[in-house]
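Chains as they are written, first to last, in our numbering: chain A, 1 to 254; chain B, 1 to 239.
Just so you know, the hints here were simulated from the structure itself, not pulled from any lab data. Values in this document were obtained by computation on a predicted structure and should not be read as measured data. You may find that some hints are simply not true.
As the list claims (entries may be wrong) - Listed next, the stretches of chain A that the computed footprint assigns to chain B, with coverage defined by at least 3 CB atoms under 8 Å from CB atoms of chain B:
(1) 73-79
(2) 147-153
What the hints assert, rightly or not - Facing chain A, a subset of chain B residues (Cβ under 10 Å, in silico):
(3) D10
(4) Q50
(5) I53
(6) P57
(7) Q59
(8) F71
(9) S73
(10) L81
(11) P82
(12) W83
(13) L84
(14) I99
Ideal placement from N, C-alpha and C gives every residue a C-beta, glycine not left out.
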Amino acid sequence: MNVYIKRFLENYFVFLGFLVLWELLYLFQVVHSLILPSPHAVFVKFLLFFAEEEFFYNFLATTLRVLVSFILATLLGVSFGLIFGFYTTLDRFTEKSIDFFRSIPGIVLFPLFILFLGVSDFSRIAVAITASGVIILINTKYGLINSSKMRKHFYHLYKLKKSTLLFKVLLPEACPYIFTGLRIAISVTLIVVIVTEMLLGTNYGLGQMLVNSQLQFETDTMYAVIILLGITGSGITFLFNSIEKKIFHWREEK
Amino acid sequence: MKEHAALQIDKLNIRYGQLEVVRSINLNLKKEEVVCLLGPNGCGKSSLLQAIIGLTPYQGFIFTSTAKIDFVSQNPSIMLLPWLTNKQNIVFPSSIKEIDERLLEELLEFTKLKEFRNNYPYELSGGMAQLVLLTRALLHHSSLILLDEPFKSLDFSIAKNLYKKVRDLFEKYTPTVLFVSHNIDEALFLADRIIVLSEKPTQIKKEILVPFGNERELGILNSVHFSELRKEVLNECLH
Chain A
1 MNVYIKRFLE NYFVFLGFLV LWELLYLFQV VHSLILPSPH AVFVKFLLFF
51 AEEEFFYNFL ATTLRVLVSF ILATLLGVSF GLIFGFYTTL DRFTEKSIDF
101 FRSIPGIVLF PLFILFLGVS DFSRIAVAIT ASGVIILINT KYGLINSSKM
151 RKHFYHLYKL KKSTLLFKVL LPEACPYIFT GLRIAISVTL IVVIVTEMLL
201 GTNYGLGQML VNSQLQFETD TMYAVIILLG ITGSGITFLF NSIEKKIFHW
251 REEK
Chain B
1 MKEHAALQID KLNIRYGQLE VVRSINLNLK KEEVVCLLGP NGCGKSSLLQ
51 AIIGLTPYQG FIFTSTAKID FVSQNPSIML LPWLTNKQNI VFPSSIKEID
101 ERLLEELLEF TKLKEFRNNY PYELSGGMAQ LVLLTRALLH HSSLILLDEP
151 FKSLDFSIAK NLYKKVRDLF EKYTPTVLFV SHNIDEALFL ADRIIVLSEK
201 PTQIKKEILV PFGNERELGI LNSVHFSELR KEVLNECLH
């Protein structure tokens, strides 16, 4: 068997099995077709998305919210992570507070942000930033703290400036940790944005599209959106893994 | 501090809790001298080097005539930055504009690292990686270089070719070098003076001057004179 076909079957065996089971459930009418439409009807709906103007606006709204939240979370998370990781005294004062906030599921802060920022995209983005920013901050901080102490000591011999030590010795070593944080954070951002779109206060977004289709019993649309989100999530993970492999080649070979 | 001394150590004591590692060591290194601390495994040779660079707490006095000290660890992967190429590692922490490019080219040529300049440290053998660190020290004109068992992980056939290369580097660029080893051949070939150390708590047993002159060929490893000296050093180590 061709290597690529073999690898494809290995990777997607469970997924293909799931599709077969779905088709069988539909064929034997185990579940009402309004609740569980056929996989091929969902697939056709999925393809038709790309011809619909409304879908384009929904997709664009969610993408923009995710991107803005993720970029701001990255800027804040990496900056504060570097500060707390480098100045460990400061970390001692803040560690417990950050642990406390980390333990709160980000989405439960949505009502709080609505109180302060109103029912708007600001609230949605603020929740996403909080949920993913903490992950990035923690990964950046521990990346820095866990960098080789011996290496740090040795490089004191060169009497490096603090900024050189941080940006040329410690930060590159912490980058794989930070990147792992980013990979988790973007998935969390996507989840939080979709959930906040499902709750209230917007006319556009994949979350809103998901809720509307469920309320109107357009279940083929609902399943197609779920599959689209699955594909988007896997695509992001694949992209991050590929970039990680290319940039941090030295980490694997170490 | 004595005149012409690059490093002066007086009454150095190192303890790890109750364990006395080094006891009252006095040592002077003249400028441009290559000295080997020879002793059994675990006798505290590496602790002594780490005390000089401030990594290990000690009692006593350590004076250096220079601020430019470099250290070549027995584990070069700790000191090399794996995300930089070998050339970038050699140049670091300076930028390429700040260094003497002619000297860099000369060193790369001399050490045969030229063909590996764009490779990464993980693509080098342990000995070559140590050569990268040594080249970095020489490029930055470090006046005192400390080497911690530089060829520990190498088999003899590879190590002896590096002995020659490293000794030639010492000869050409004249840094002051203090290195630790438990290999008598390595000590005799590279050093101008050997300090034989005792078991813990480490003290100096004997100092031996190595009479092979400055320029050394690998042939001396097979000479009668070398064998006699090896015997003498071995006797000192065993008694």
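Going down the list of hints, with the structure as the test:
no.: 1; hint: 73-79; verdict: violated (count 0)
no.: 2; hint: 147-153; verdict: holds (count 4)
no.: 3; hint: D10; verdict: violated, 22 Å
no.: 4; hint: Q50; verdict: holds, 9 Å
no.: 5; hint: I53; verdict: holds, 6 Å
no.: 6; hint: P57; verdict: violated, 13 Å
no.: 7; hint: Q59; verdict: violated, 20 Å
no.: 8; hint: F71; verdict: holds, 6 Å
no.: 9; hint: S73; verdict: holds, 7 Å
no.: 10; hint: L81; verdict: holds, 7 Å
no.: 11; hint: P82; verdict: holds, 4 Å
no.: 12; hint: W83; verdict: holds, 5 Å
no.: 13; hint: L84; verdict: holds, 8 Å
no.: 14; hint: I99; verdict: violated, 13 Å
Hint compliance for this structure: hints 1, 3, 6, 7, 14 are not met, and every other hint is.
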